[in-house]
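Number of protein chains: 2
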Amino acid sequence: MRNTLRTAGTFLATVLLLNAIHNAQGDEGMWLFNDPPLQILKERYQFEPDASWLEHLQKSSIRFDNGGSGSFVSANGLILTNHHIGFDTLQKLSDAKHNYVKDGFLARTQAEEKPALDLELNVLMSIEDVTTRVNAVIKPGMTPEKAYQARRAVMADIEKESQDKTGLRSDVIELYGGAKFHLYRYKRYTDVRLVFAPEQQAAFFGGDPDNFEYPRYNLDVCFFRAYENGAPAKIEHYLKWSTQGVAENELVFVSGNPGHSNRQFTTAQLESMRDKQIPRSLQRLYRKEDLLTSWGARGDENERRVKKDLFSIANSRKALLGRLAGLMDPEFLSQKAHAEDELRKAAEANPAYTGLKDAWAQIQTSQQKLDQQVVPISLLEWGKGFDTPLFEIARTLVRHADEKIKPNGQRLPEFRDSNRDSLELGLFSDAPIYNDLETLKLSDALTWLTIEYGGPGNPIVKQLLAGKSPHERAVELISGTRLADVAFRKKLYALSPEEIAATHDPMIELARTIDSEARRLRKYEEEQAEVQTQAYGKINAARFALEKTHSYPDATFTLRLAFGTARGYQQDGENIPYETTIAGFYQRAEQHHNQPPFDLPSRWFARKDRLNLSTPFNFVSTADIIGGNSGSPVVNRAGEFVGIIFDGNIQSLVVGFAYSDKQSRAVSVCSQGIVEALKNVYDATELTDELLGNVAAPNQMTRVR
Amino acid sequence: MRNTLRTAGTFLATVLLLNAIHNAQGDEGMWLFNDPPLQILKERYQFEPDASWLEHLQKSSIRFDNGGSGSFVSANGLILTNHHIGFDTLQKLSDAKHNYVKDGFLARTQAEEKPALDLELNVLMSIEDVTTRVNAVIKPGMTPEKAYQARRAVMADIEKESQDKTGLRSDVIELYGGAKFHLYRYKRYTDVRLVFAPEQQAAFFGGDPDNFEYPRYNLDVCFFRAYENGAPAKIEHYLKWSTQGVAENELVFVSGNPGHSNRQFTTAQLESMRDKQIPRSLQRLYRKEDLLTSWGARGDENERRVKKDLFSIANSRKALLGRLAGLMDPEFLSQKAHAEDELRKAAEANPAYTGLKDAWAQIQTSQQKLDQQVVPISLLEWGKGFDTPLFEIARTLVRHADEKIKPNGQRLPEFRDSNRDSLELGLFSDAPIYNDLETLKLSDALTWLTIEYGGPGNPIVKQLLAGKSPHERAVELISGTRLADVAFRKKLYALSPEEIAATHDPMIELARTIDSEARRLRKYEEEQAEVQTQAYGKINAARFALEKTHSYPDATFTLRLAFGTARGYQQDGENIPYETTIAGFYQRAEQHHNQPPFDLPSRWFARKDRLNLSTPFNFVSTADIIGGNSGSPVVNRAGEFVGIIFDGNIQSLVVGFAYSDKQSRAVSVCSQGIVEALKNVYDATELTDELLGNVAAPNQMTRVR
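Line by line, the protein sequences are chains A and B. Converting from the first sequence to this note's numbering requires adding 3 to each position, the first position being numbered 1. Converting from the second sequence to this note's numbering requires adding 3 to each position, the first position being numbered 1.
Derived by calculation from the structure, the hints in this document are not laboratory data. A hint or two may mislead.
Treat identical chains as interchangeable: a pair holds within one or across any two.
[As the list claims (entries may be wrong)] Once the Cα atoms are required to be at most 20 angstroms apart in a straight line, the calculated SDA-like pairs of lysine to any residue come out as:
#, residue 1, residue 2
1, Lys100, Val489
2, Lys163, Ala114
3, Lys465, Phe335
4, Lys321, Arg287
5, Lys407, Thr169
6, Lys142, Asp211
7, Lys465, Gly329
8, Lys310, Ala300
9, Lys541, Leu428
10, Lys665, Asp405
Because the structure is a prediction, the values reported are computed rather than measured.
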């Protein structure tokens, strides 16, 4: 459930892990850049980064709006991220004759660089605490509905004022489940061009079987370049490239945008995840993975069209299965419950916090209410019952007509003035839409919706299917809509609510038909979110006062700083070394007779003798990362680029609930392996020169290894 | 739901299809051998098979107890079935060093033939109507429980008497949903040896994408030989081999064992299938397909171990999706409901059938009751919550101890004396069991069970997991049990209930723990089945009296006779020819660059120039078949073998609900293609000679083409 993936108070994991932190046993933390763990770094690693070190790393770091991270690696706007973050763009730029996902891509000149269709990058320029102003609008006795409206309005005001003043994208971020609100200002880049991608088979070698595994051999990299005014962006803050890589036990930092974590969830919310939300998500993922696999197997072009979706689905499925297994461990949840009890008891013993226990009950009750409504909410409001971008486009156009005539503060957040540029970037994207695939997906989604509502006899299903079978209805909708045409979307975007209501397009009509019910469900969801925000606010106020520990909020897909050391671990009695080499890449392919998904791209065979096979390829560290950190730069004490995060190992799948450095590891591609491959496999001379032109001078800073 | 797959009255489809039958528009029917469609054949095809023609075909036909059909094709016990029916045996005979599924198998001499581990074949020797005796025990006013017990007891008596008298396997079969009961006597063969199988890639060329598709190119054949007393069985009734194949529009017959159909279900039961049962089954199939695919991709040996299960799951998934799509067509179900109304009105207008409408309500109510209990029933009694043969073995041993001391008529049907030989054949099978795979499956099944019961807090889940996570519990059960050892099973099989209760084996203890709850659920299920049996009995009595049509019961995995003509159909405006050739096999591989699942086995490349590429390979006919018919012989008017059924096309997936000859077709391998491949690709000289030694003399009977 989207709502429960929101951040919450930090109290729980912190209580659990107090000992770990105070005894310096772990490298936990996805720290705020305006509240970094300076004391821990000093005590444990004798490292004291100054403000300019932090600012440089912060402004070299990039958020990819499609769910990942990256960094600037040259003064000319060169950007490095993961292949699996660039995948979306590679897929959208490909067609039946050009398969950049399968074959890779290299621009030898800037003229050959290919503009991404709808990619937005954000660089965090400043953070401002606006908690007081946000919370001032919440008055005692307000209903959740009124409170949510008031909160939404003040957040919209703050963002609008900031954007008008600075010209920067401005987002108010809810932290600690609502105990704090910070204003993040971002520089946006939307002219972003593809520079290089390897074959997916080199980037995602080992496929689903090796996904989340270690030792690993993936060249999971993709280069873009940011442009401004038609020329490469001039970048002040970018990372110098280290040709030294990472030594064992070396301290490293990760600067990126972890998406969601649940360390501060109450036990009741974790149980809801275990018993309701994850099983339900898995059910949908299984269904869709099967559908697309089966369709993709029918031919090369089908396979190309579903490749990106299938990757995402398989990745989510494996991640959720790992999380579910973690939650099914009775020991884990009983420890959580114990820690929760301790805090509750401490609060109850203190007269300042009488009645705090109600906060837990409020969260539990609101979660139960949400769980009871999750079927219609997910189908109608989250759009899972209409699984095609053509429906999303239709809904956006229908709602935009209604929302744009409201005052800014009263609109749904995605229609706020501060989000208009981003909204239009996505809405008017030229990304290809394939009617055959969309019919398949919509037909299956409508079937699923019918089942979830108990059968075709349900009144909502009757209204949606209009007397047809799910398949017939999907054919009618997809073949009848004109929304694949961007010019048509632009035309509708300008219309009034009355004009939209008079538009005859079956997908627009479907979105209109269901909109009042979908909005009703969304309002319900928002009210419960407000209940939880207030309850977590109370719990965290008590926690800060009673525990006085330095902490960090759950992940919110905003920039965080993590740290750790590059080191291996034990598994099934075996020592897993921290680093792999290019030689291991060839060996693993041989073990599997070079059969998919362990087949090397042919170029790697042809160039084997040019490569230094002992070059480090991938490595692990104890840095605290999670999904969203994909593409995050890994830097050393000198702030030099030594690697790029692309995965966690299988033991890290439960890290969303609690950090551990026993076996859980972040997996990166090493800076040395990247250059070795670019030079000797891909002949990417210009690119390598641009990177290596930025090599840090030796001994620029003392390196402790 | 198992229960709803039982046969029901024939009234519904017959009402719907009365016109079709009377107007001779279709070749519908899975006819009883003791009630064949003689008049239809005479009127429509001027064909009048005599009793010896029917007896010869009946006794040449074979039922494979693992869910398929086959036929004798030589006097020396040679048997032909599908590769996908022999698959189970091929898998069980293979190991890490011998992969007969992938590589195929050929015994050049009888000494080289490999005994199947646990295969039972049945040849139907006689049929006797025992309806009167079975129904005589049901007294007015009996509770469903008492009625079910009485029915079970008399069926056990009839079977025991027959077996004692004839030495033949004797099964009382419920037909027309309980309106008739017939005693089937079978000759059993359990010394069955593998003679030949092609590579699975030739048998299942095109894999999941081409499954249920046409045109098709599959050599889906597997040869066995029946032995008696250590020597090849001497067979009186076997099919002569036709080297002529099938001409377009030629009349053909199919003699096999269709498994289940639902043509006579009430609308309420069909709605339950659409809204509850099929979605639920799909959910489980998606989950398991994903689990096994993912595990199988980790290496060659993993892939080998899951190959058979994956095939079955993908096959069921595609079939169920087709059925669900059919039921989601509002036109289809409204036609069914209309026909049902017509019969109801006719019955109500006739004073002899007042109160008949209660029968529909009874079926509906009992189905609703079953639907409400389907979660625990399927998890605990059908064993879906313990997805490993080791649990099935444990349960059989636990129940056998309890059941064997009861009088024969009071036992659960699978423990009746008449079933003892079959029970022991399966229980003491040496089929390999792999602990890694069983741990994976059981861990996933226990996770699913936990979710289905609402979480680990449920008392039954608590009892089953014993304070552990599903994975830990699965590891403990699989690594701790000794039931993989057949000698240990034999030892436990001899024990008394008290001795079993004192046996310390974790899987035995699990089976004992859950047995009283599982038996309680089974009893509930049986009582509802009895309610339905009685209701369908009433409906069918009215139908027979009011409509006087010649009909056939829904499929019951017993021998049936179907007929039809070999002819193509139109699809998307294109004419699909009735027959494919070996040339098309090569062309389809080329279209897909010989990439899996469209890759030809290397032998087929090496031998291409020896083959007559214009040899017919696969063909379609309008014969009325369904799952279970796999491996059924297709014969011409002369009773000669012209092909072997292996699939239906995609349009046939709804055939379980209603027959149609518009596009729905049965797909067969042609006799000519089989011999061409055996001779020129596989060098199976001895086998070909044995088949062709039995070639029918030309003009043995007049062939009308």
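Checking each numbered hint in turn, tell me which of them this model violates, lowest number first.
1, 2, 5, 6, 9 and 10
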